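Engineer: Here's the letter readout for the chains.
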Amino acid sequence: MVIVVIIIGGDGVELCKLSRRSFMKAIAAMGATAFLTTYKSEIVEALSEVKDYWHICWLNGADCGGCTISFAQAADPDLVEILTSITVGNSGLPIALPDYMEIIHPASGTLAEGLKNRWKSGSAGKRIMVVEGSVQNPGFLKIGGKDFREHVKDAAQYADAVIAFGACACYGGIPSGKPNPTRARGVQQFFNEEGINKTVINLPCCPGHPDHLVLTLASVMLGVIPELDAYGRPKVFFGKNMHDELCPYRPYYDRGIFATKPGEEGCRYKLGCKGPIVHTDCPLRKWNNHVSYCVEVGAPCIGCAEPGFPDRFSPFYKEVSALPGVLGADATSIGEGLLAATAAGIAIHAVKHVASGEKREEE
Amino acid sequence: MEVEVYRHSIFYRICHWSIVVTGFILAFTGMQMGGLYGIKFLEGQTLATHITVSLVFGCLWFLMLYYIIAREWKWFGLGRIPYSIRFLTAETKAWFGKGHVKDPRGYNPDRKEYVEKIIPTEVIVWWVYFVLALFMGVTGLAMYYRIQPLIDFAASIAPVFGAYDGYALLRAAHLFGMYLFAMVMFMHVYAVIIFDVLPSMITGRRRERVLRE
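Taken in sequence, the protein lines are chains A and B. Numbering-wise (this note's numbering), the first sequence opens with residue 1 and increments by one. Numbering-wise (this note's numbering), the second sequence opens with residue 1 and increments by one.
Any given hint might turn out to be false.
Below, simulated BS3-like cross-link-like pairs (lysine-lysine); rule was C-alpha separation at most 30 Å, straight line [to be verified]:
(1) Lys93(B) to Lys261(A)
(2) Lys116(A) to Lys198(A)
(3) Lys112(B) to Lys74(B)
(4) Lys318(A) to Lys235(A)
(5) Lys117(B) to Lys352(A)
(6) Lys40(B) to Lys74(B)
(7) Lys126(A) to Lys178(A)
(8) Lys240(A) to Lys286(A)
(9) Lys352(A) to Lys93(B)
(10) Lys102(B) to Lys352(A)
(11) Lys240(A) to Lys318(A)
(12) Lys198(A) to Lys178(A)
(13) Lys142(A) to Lys178(A)
(14) Lys286(A) to Lys235(A)
(15) Lys116(A) to Lys146(A)
(16) Lys98(B) to Lys352(A)
(17) Lys261(A) to Lys178(A)
(18) Lys117(B) to Lys102(B)
(19) Lys178(A) to Lys270(A)
(20) Lys40(B) to Lys318(A)
(21) Lys40(B) to Lys270(A)
Because the hints were derived from the structure by calculation, they are not lab data. Computed from a predicted model, the values in this text were never measured in an experiment.
Using the sequences plus the hints, can you model the full thing?
Structural biologist: And the structure:
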């Protein structure tokens with residue numbers, strides 16, 4: 001295995017034996033968890049050489065706070081390690097600590113709002129904006145007397161990198177479910193509507209996975225811009241089809257063994273698993289300290305890593321090939337109907353044929 | 001008056017029955033993979049079997065197409081489709097008790113050739129079979145190999161059908177294609193029994209009505 005030596009110098013980072021591009025490729029090849037575990041010390045060493053403090057502003061829109069909780073449960077490295085091991089030089093200060101993170105920071109009221117100014121006054125080029133939750137129409141969310149939309153627009157002016165964390169911030173998520181009375185939408189869409197010309201790195205899933213965020217933050221700090229897919233997701237995390245390339249239950253599918261109710265052994269396809277149309281690395285990464293994930297505990301994948309979640313994948317327990325749009329009937333029902341009609345037609349014809357044959361014989 | 005005629009070559013018959021056998025394997029492995037009707041056909045690699053057999057199935061259809069073009073175009077040519085449709089219409093009317101359709105098949109022993117070799121609706125049946133086989137092949141292989149242009153195309157029309165995305169539409173279309181294939185097959189099987197041509201697909205020979213033009 002190639003030993004990675006990361007040297008910081010000049011305007012940015014130079015990675016000996018592992019270029020900026022291959023940094024992300026290595027993550028893709030190994031899986032982020034293995035990469036983090038294996039190269040944690042190198043990443044820590046590289047980040048420790050960054051002489052300036054990175055400023056993070058974490059905004060919460062229409063959300064449940066689950067992504068913050070998910071991030072707080074990061075493992076290998078966990079949040080304590082991130083805050084205590086990855087420091088600016090020998091200063092003892094963490095390389096990146098959110099200046100503003102309303103669920104976590106102890107400050108409240110005007111004091112908390114003042115923290116945003118600290119973030120804004122951070123060094124240019126080192127301000128990261130993380131958004132959790134979707135952006136709604138005016139009037140549905142106010143923080144400190146100001147509409148959330150204005151908070152986002154304001155922060156966007158200063159942000160050098162924008163990360164949408166979780167399905168809500170990326171594409172609207174659960175708050176955008178029908179009938180979506182608040183017109184909740186993702187941050188990139190909001191930017192487009194407001195004419196804000198900034199690319200958002202989307203890290204979907206419900207909740208967002210801490211590995212995705214930790215690695216994306218690390219890559220941004222190291223000057224590596226992850227390659228994004230058509231939906232703004234880093235390809236290293238969301239470039240693979242779960243069903244085709246990663247699912248441990250795929251052999252069951254290939255053998256035609258299906259679970260028909262939760263808890264049964266077999267592929268979850270018949271339970272409504274959306275794996276065949278979802279691009280994510282959940283089976284590789286797993287959740288809760290890399291213990292398990294939705295499909296492993298017997299539930300179907302509900303497609304939270306994809307745009308359009310949840311409406312596009314509802315009903316969650318209906319299989320992928322269902323066609324609810326054709327008069328309320330799916331392909332199987334229509335096909336069975338046609339076959340039944342054919343069989344009935346044949347039977348009637350056969351009876352008539354036999355009857356007419358007997359009549360001819362009688363004549 | 002009838003005369004025995006050598007009707008189907010050994011190549012054609014082998015091709016036909018090979019398609020039948022591979023078609024059954026595809027149907028049962030497909031239904032097993034789709035979790036339909038509790039079918040358990042194979043214990044092992046159902047998908048691998050399905051894909052491998054589907055490639056053989058496809059090759060057999062193209063062999064048969066080649067044979068049709070080379071040797072049977074006179075009977076199965078595309079130009080006969082309108083005639084076939086007219087015949088089907090007349091058959092349908094007859095089925096509802098309006099009129100009677102005369103079997104047009106006949107052999108001219110003087111010229112040693114058929115005047116009419118097939119029931120005209122066979123033209124439609126053959127081409128519907130071929131199109132459906134092609135459709136099943138394209139949708140199936142697009143899913144298996146993730147052929148992006150096809151998935152993208154399917155995705156572009158997926159909303160019309162209320163499908164989740166291109167893959168989902170392809171999968172539903174593949175499933176629906178199976179039912180259409182089965183439907184045509186049921187009619188085909190019934191027709192060959194009614195029109196008494198099943199034995200000739202085994203022996204190659206059939207007693208044909210003598211018909212001099």
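Engineer: Work down the list of hints and note, for each, if the structure agrees.
Structural biologist: Hint-by-hint comparison with the structure:
1. Lys93(B) to Lys261(A): Status violated; Cα separation ~49 Å.
2. Lys116(A) to Lys198(A): Given that 30 Å is the threshold and the Cα spacing comes to 20 Å, the pair holds.
3. Lys112(B) to Lys74(B): With Cα atoms ~15 Å apart, Lys112(B) and Lys74(B) stay inside 30 Å; holds.
4. Lys318(A) to Lys235(A): holds, 28 Å
5. Lys117(B) to Lys352(A): holds, 26 Å
6. Lys40(B) to Lys74(B): violated, 43 Å
7. Lys126(A) to Lys178(A): violated, 38 Å
8. Lys240(A) to Lys286(A): holds, 15 Å
9. Lys352(A) to Lys93(B): holds, 14 Å
10. Lys102(B) to Lys352(A): holds, 17 Å
11. Lys240(A) to Lys318(A): Since the Cα atoms of Lys240(A) and Lys318(A) sit roughly 23 Å apart, the hinted pair holds (cutoff 30 Å).
12. Lys198(A) to Lys178(A): With a Cα-Cα distance of about 28 Å, the restraint between Lys198(A) and Lys178(A) holds, given a limit of 30 Å.
13. Lys142(A) to Lys178(A): Status holds; Cα separation ~23 Å.
14. Lys286(A) to Lys235(A): holds, 17 Å
15. Lys116(A) to Lys146(A): Roughly 13 Å between the alpha carbons, so the hint for Lys116(A) and Lys146(A) holds.
16. Lys98(B) to Lys352(A): Given that 30 Å is the threshold and the Cα spacing comes to 14 Å, the pair holds.
17. Lys261(A) to Lys178(A): holds, 27 Å
18. Lys117(B) to Lys102(B): Status holds; Cα separation ~14 Å.
19. Lys178(A) to Lys270(A): holds, 25 Å
20. Lys40(B) to Lys318(A): holds, 22 Å
21. Lys40(B) to Lys270(A): Given that 30 Å is the threshold and the Cα spacing comes to 15 Å, the pair holds.
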